[in-house]
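Undergrad: Following the hints, complete the assembly by docking chain B with the ligands onto the known chain A.
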Amino acid sequence: MSNEHTQAHASEHTGFPWKHVIGLVLSLILTFAALWCVTSFAFSPALIVTVIVILAVVQAFVQLFMFMHITEGSKVWQITAIGFGAFIAFCVVAGTLWIMLFAL
Amino acid sequence: MENIKHFLGNFFVTGEPMIYMADVAIVLVSLGIIFVLTYFKKWKWLWKEWLTTVDAKKIGIMYIIAALLMLFRGGVDALLMRTQLALPNLHFLDSQHYNEIFTTHGTIMILFMAMPFIIGLFNIAVPLQIGARDVAFPFLNAVSFWLFFAGAMLFNLSFVIGGSPDAGWTSYTPLAGKELDPGVGENYYLLGLQIAGIGTLATGVNFFTTIIKMRAPGMSLMKMPMFTWSVLVTSVIIMFAFPVLTVALAMLTIDRLFDAHFFTVAAGGQPMQWANLFWIWGHPEVYIVILPAFGVFSEVIATFSRKKLFGYHAMVFSMVAISVLGFITWVHHFFTMGAGPGVNSFFSLSTMLIAIPTGVKVFNWLFTLNKGKIQFTTAMLWALAFIPNFLIGGLTGVMLAVAPADYQYHNSYFLISHFHYVLIGGTVFAAFAGLTYWWPKMFGHILNERLGKWAFWVFMISFNVCFLPMYLVGLLGMTRRMYTYPAGLGWTSLNLIETIGAFGMGLGFIIMVYNIYWSARYGERDTTGDPWDGRTLEWATTSPAPEYNFAHIPTIQQVDDFYYMKKEGRQKEISKAPYKPIHMPNNSGVPIIMAVFFFIGGFGLVFEWIWMGILGGIGVLACMLYRSFETHDHHYIPVDEIERTEREAGRFS
Ligand code: HEM
Ligand SMILES: [Cu+2]
Numbered sequence: 001m002s003n004e005h006t007q008a009h010a011s012e013h014t015g016f017p018w019k020h021v022i023g024l025v026l027s028l029i030l031t032f033a034a035l036w037c038v039t040s041f042a043f044s045p046a047l048i049v050t051v052i053v054i055l056a057v058v059q060a061f062v063q064l065f066m067f068m069h070i071t072e073g074s075k076v077w078q079i080t081a082i083g084f085g086a087f088i089a090f091c092v093v094a095g096t097l098w099i100m101l102f103a104l
Numbered sequence: 001m002e003n004i005k006h007f008l009g010n011f012f013v014t015g016e017p018m019i020y021m022a023d024v025a026i027v028l029v030s031l032g033i034i035f036v037l038t039y040f041k042k043w044k045w046l047w048k049e050w051l052t053t054v055d056a057k058k059i060g061i062m063y064i065i066a067a068l069l070m071l072f073r074g075g076v077d078a079l080l081m082r083t084q085l086a087l088p089n090l091h092f093l094d095s096q097h098y099n100e101i102f103t104t105h106g107t108i109m110i111l112f113m114a115m116p117f118i119i120g121l122f123n124i125a126v127p128l129q130i131g132a133r134d135v136a137f138p139f140l141n142a143v144s145f146w147l148f149f150a151g152a153m154l155f156n157l158s159f160v161i162g163g164s165p166d167a168g169w170t171s172y173t174p175l176a177g178k179e180l181d182p183g184v185g186e187n188y189y190l191l192g193l194q195i196a197g198i199g200t201l202a203t204g205v206n207f208f209t210t211i212i213k214m215r216a217p218g219m220s221l222m223k224m225p226m227f228t229w230s231v232l233v234t235s236v237i238i239m240f241a242f243p244v245l246t247v248a249l250a251m252l253t254i255d256r257l258f259d260a261h262f263f264t265v266a267a268g269g270q271p272m273q274w275a276n277l278f279w280i281w282g283h284p285e286v287y288i289v290i291l292p293a294f295g296v297f298s299e300v301i302a303t304f305s306r307k308k309l310f311g312y313h314a315m316v317f318s319m320v321a322i323s324v325l326g327f328i329t330w331v332h333h334f335f336t337m338g339a340g341p342g343v344n345s346f347f348s349l350s351t352m353l354i355a356i357p358t359g360v361k362v363f364n365w366l367f368t369l370n371k372g373k374i375q376f377t378t379a380m381l382w383a384l385a386f387i388p389n390f391l392i393g394g395l396t397g398v399m400l401a402v403a404p405a406d407y408q409y410h411n412s413y414f415l416i417s418h419f420h421y422v423l424i425g426g427t428v429f430a431a432f433a434g435l436t437y438w439w440p441k442m443f444g445h446i447l448n449e450r451l452g453k454w455a456f457w458v459f460m461i462s463f464n465v466c467f468l469p470m471y472l473v474g475l476l477g478m479t480r481r482m483y484t485y486p487a488g489l490g491w492t493s494l495n496l497i498e499t500i501g502a503f504g505m506g507l508g509f510i511i512m513v514y515n516i517y518w519s520a521r522y523g524e525r526d527t528t529g530d531p532w533d534g535r536t537l538e539w540a541t542t543s544p545a546p547e548y549n550f551a552h553i554p555t556i557q558q559v560d561d562f563y564y565m566k567k568e569g570r571q572k573e574i575s576k577a578p579y580k581p582i583h584m585p586n587n588s589g590v591p592i593i594m595a596v597f598f599f600i601g602g603f604g605l606v607f608e609w610i611w612m613g614i615l616g617g618i619g620v621l622a623c624m625l626y627r628s629f630e631t632h633d634h635h636y637i638p639v640d641e642i643e644r645t646e647r648e649a650g651r652f653s
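Chains as they are written, first to last, in full-length UniProt numbering: chain A, 1 to 104; chain B, 1 to 653.
Since the hints were derived computationally from the structure, they do not count as laboratory data. Heads up, some of the hints might be wrong.
[Stated by the list, open to error] Not the full set, but computed from the structure, chain A residues with beta-carbon under 8 Å of chain B: (1) S40; (2) I88; (3) C91; (4) V92; (5) W98; (6) I99; (7) M100; (8) F102; (9) A103.
[Said to hold, decoys possible] Pulled a few chain A residues facing chain B out of the computed Cβ check, cut under 10 Å: (10) P17; (11) W77; (12) G85; (13) F87; (14) A89; (15) G95; (16) T96; (17) L101.
The beta-carbon is built from N, C-alpha and C at its ideal position, and this holds for glycine as well.
The following block holds chain A by itself, in its conformation from the complex (with noise of 0.2 Å):
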């Protein structure tokens, strides 16, 4: 709920946002690390295939953590929210694999 003053959005912020810094940069060397694992054909494809959701999963909790204020705010709104979105991911994860395998 808001009022008359926190209508319009001030730069009010002090201090460098370290916090974002940080997270762009791990981000982006989340990212290319998923990159170079599978340009480098170094490893098998199933090794290839469980580093890059790890690296994915831990990517989402960055993100979470430095950019997306998880930690502030109603919690039934994040839990709302963070349970909306497992439960579209199992759908798309589950349902594209049980449409592409073409098994039943």
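TA: Showing chain B with the ligands alone in chain A's frame:
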């Protein structure tokens, strides 16, 4: 010399008289615009008032202007197709040209017409409806608009420079892969959509935050106007669906530009994965364009029935249900791919389930009308016509959802008619209804009702003349995307009728445009700010609304509170002196400049000029960096200026 000639011959599209005519028209119109702006010394005004604005109301107007232009472009495409199909064995368009036109028609209508039109309405109505001064991130809002615009312009450039995409708006691989579709056309599709898509994603975040964080005091979620509710739900769908499109487009771009194999069988890729990813986004996308339409109709029907919307809670819950179910139905677009009976049964069932919440909404509108004092204004006519037309589209959708039957209907004109009934009878009717309804709020005058009703009847009847026969011709076996057909199959007369209907819709559009011109000159001015005796907050301020929307943010007590404010005389408090200075964001040139760099980079990648892509990317990053260090991004509107504005509106008290 030969090299240069060869390059230019490929760079500009040559050999087609109609395209030469288009070249001439484009050059003439551009020169004309430049001349008019220079002659009337309007460049500075254009830059200061429009191109750099971060005011949602103005951004909304720009969205709608762009959408109307795209409706014209897509409409011309449609008329070209209908002319080609009017009679058997015509040679008005050849097969390649026909492929290009149905591709640009579909892509433009969904992504560059329907999307900006509804997003334009978001911008115009949502901040006012929730009693806010602007959206949560006004700068980002401008970025969204300019990215959409850059993407749309990039896509539209294709037909004169380099050649149009020709693999359908669905751009299925392997057809859209490099091997079967060399040239730059598909690259235009991929990059144009990518750039516009980033803008849309930001819009989703922006409006979600706006609605969650910036409602007027007292307005709990369950007291919001129904249009705002529909935008909230739509924003959630945008945030979860558009990333899938972004990824899919990026993968196909990498395939085409850098020889990867996500979608080519050659190195173990899966062409069918594209269809899968495309529709994971694509089905939610059709709900992105229909839910706000439902919102518009809910407002219009309640206002002109002079009644509270029937079944508020049921309306909300059915939209939430649709948003969840909409994510688990996507296979119904490729039942025939043969994923297996288990998969098809599941998705058949989930698709049919969506008809239930949709039906709930239809009944709610009907019950709102029931015993209402109905006023047949133009906006209301569009809303009333929506119900039966959308019903036809929805019911045929349920027929298509029956997987075994879909093996017959799939990709026939029956399907074409289904989705035009829901998209035109739903989204386009809503766009016209919303435009008529909120026009006074946008421009301070009312669109002429007589011309509006003419446009409505001509368009609505022609729409049915055009699309009803398509169900029949589809059942008679005519498939989509065929550029001509032989005589003697029983298709001829139906096709001719369809073409007549199509031109009728064109006529309806012309009447509408004429109405805009006529009403701007002679239309009735709206001095009250509340021409329809409305129920929601956007009608509480002047028409057009001042930059700051409300002198005081109102406090809300119930659903449709403005209706009760008027009864109890509370609405005067909104503009009652004394005032306090109002905090507003500054205009900024960064969004449009950033979009120009996006355009440059996108254009470079289309032609695989990597250096140019990198150049554009550097420009974009530079803009972001510049913005990060911009500290003077807001100002205060002083009290005397507010006083002056309110006094001019006759509201100062
Ligand atoms: C009762 C609700 C609906 C049902 C059950 C339904 C069902 C379907 C099915 C099964 C198909 C695929 C048919 C085929 O390819 O053979 C389809 C296609 C389509 N539907 Fe719907 N639909 C519904 C509502 C909508 C709405 C509200 C929209 C948009 C506003 C929409 C837009 C489309 C489009 C654009 C296509 C075709 C895309 C293409 O292949 O190019 N539908 N629908
Ligand atoms: Cu669908």
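Undergrad: Among the hints numbered above, which are violated by the structure, and what are their numbers in rising order?
TA: 1
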